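Novice: Sequence:
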Amino acid sequence: MASVNLVYFAWVRERIGRGEETLELPDSVVTAGDLLAHLKTLGEEYETALEHENVIRVAINQEHVDHDETITGAREIALFPPMTGG
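Reminder that position 23 of the sequence shown reads as 880 in the numbering used here, one-by-one numbering, no gaps.
Please keep in mind that the hints were generated in silico from the structure rather than gathered at the bench. All figures in this text were calculated on a predicted structure; none of them were measured in a lab. C-beta atoms are modelled at their ideal positions from N, C-alpha and C, and glycine is treated no differently. Where hints are given, some of them may not hold.
As the list claims (entries may be wrong) - Listed next, with one range per pair, are the computed distances between beta-carbon atoms: (1) 868 to 924: 29 to 37 Å; (2) 940 to 858: 31 to 39 Å; (3) 940 to 884: 31 to 39 Å; (4) 919 to 859: 27 to 35 Å; (5) 901 to 930: 27 to 35 Å; (6) 885 to 862: 31 to 39 Å; (7) 902 to 939: 17 to 25 Å; (8) 894 to 918: 17 to 25 Å; (9) 895 to 918: 24 to 32 Å; (10) 932 to 899: 19 to 27 Å.
Claimed, not checked - EDC-like mimics (lysine to aspartate or glutamate), calculated; alpha carbons at most 20 Å apart, straight line: (11) 897 to 908; (12) 897 to 877; (13) 897 to 884; (14) 897 to 871.
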């Protein structure tokens, strides 16, 4: 198991109900996509926040990554919805 600091932004944060947390991840969680799937098993608030996981953006150590990117060795993983122009 690996421990990782997760940071949530915008409506992802609002739906989960917290801005950040540290979680122990099972060894089966290897990619950003695996992480999203795992988080959805943690409760209704996660399931609601991540129900359209294909639109959730992921940043590992402040760099945007695709969902098939490995999270091994990540210190911080941020999850946020698509950005809109402004």
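Novice: Sort out which numbered hints this structure fails and list those numbers smallest first.
Specialist: Violated hints: 1, 4, 6 and 9; rest satisfied.
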